[in-house]
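> Sequence:
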Amino acid sequence: HACFVLEPIWLLILCHCNIGTHGSTYGGNPVGCAAAIAAMEVVEEEGLVERAAEFGDYLREKLSAIDNPLISQVRGRGLLNAVVIDESRGISAYDICIRMKEKGMLAKPTQGNIIRLAPPLVITKEQLDDCITIFEESVHELTQ
338 HACFVLEPIW
348 LLILCHCNIG
358 THGSTYGGNP
368 VGCAAAIAAM
378 EVVEEEGLVE
388 RAAEFGDYLR
398 EKLSAIDNPL
408 ISQVRGRGLL
418 NAVVIDESRG
428 ISAYDICIRM
438 KEKGMLAKPT
448 QGNIIRLAPP
458 LVITKEQLDD
468 CITIFEESVH
478 ELTQ
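In the working numbering, the protein residues as written are 338 to 481.
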């Protein structure tokens, strides 16, 4: 883990905290910090934030267009998304996730009736389309 703060903020933290209050045995490790900085450089150089915004908009647009009574809401930001499932029909978010797993896609049911869809930042458009197809097939198969 790495944390970047401006010097005035760091000085404020130092003035109001006892040494070790917000630290850890691995905090400040130069190798860990170097890895975090390198990772942030990749995120910036490859435009992963912009890519996540573009692909996330695309994903939510496609999921929202699926006509199925199980889907009550699609929401998210970037590539962190949620599909709220209407479980009053006897089909759960868990059931849908199991069906998707059988088709080769992993997603997490969470908070009871929500499916978390969080593809990797490096996903391709073709792979994203495959995920959308698997999700759509899964909800349709379970409502037939």
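Just so you know, these hints were derived from the structure itself, not from any lab.
For glycine and all other residues, C-beta sits at the position ideal for the given N, C-alpha and C.
You may find that some hints are simply not true.
Pair by pair, the computed Cβ-Cβ distance ranges are [unchecked claim]:
id	residue 1	residue 2	range
1	341	478	42 to 52 Å
2	385	352	27 to 37 Å
3	451	383	24 to 34 Å
4	353	387	16 to 26 Å
5	401	353	39 to 49 Å
6	474	376	33 to 43 Å
7	441	341	31 to 41 Å
Computed list of lysine-lysine pairs in DSSO-like fashion (alpha-carbon distance at most 27 Å, straight line) [as the list claims (entries may be wrong)]:
id	residue 1	residue 2
8	462	440
9	399	462
10	438	462
11	399	445
12	462	445
13	440	399
14	399	438
> Which of the listed hints are not met by the structure?
Those not satisfied come down to hint 4.
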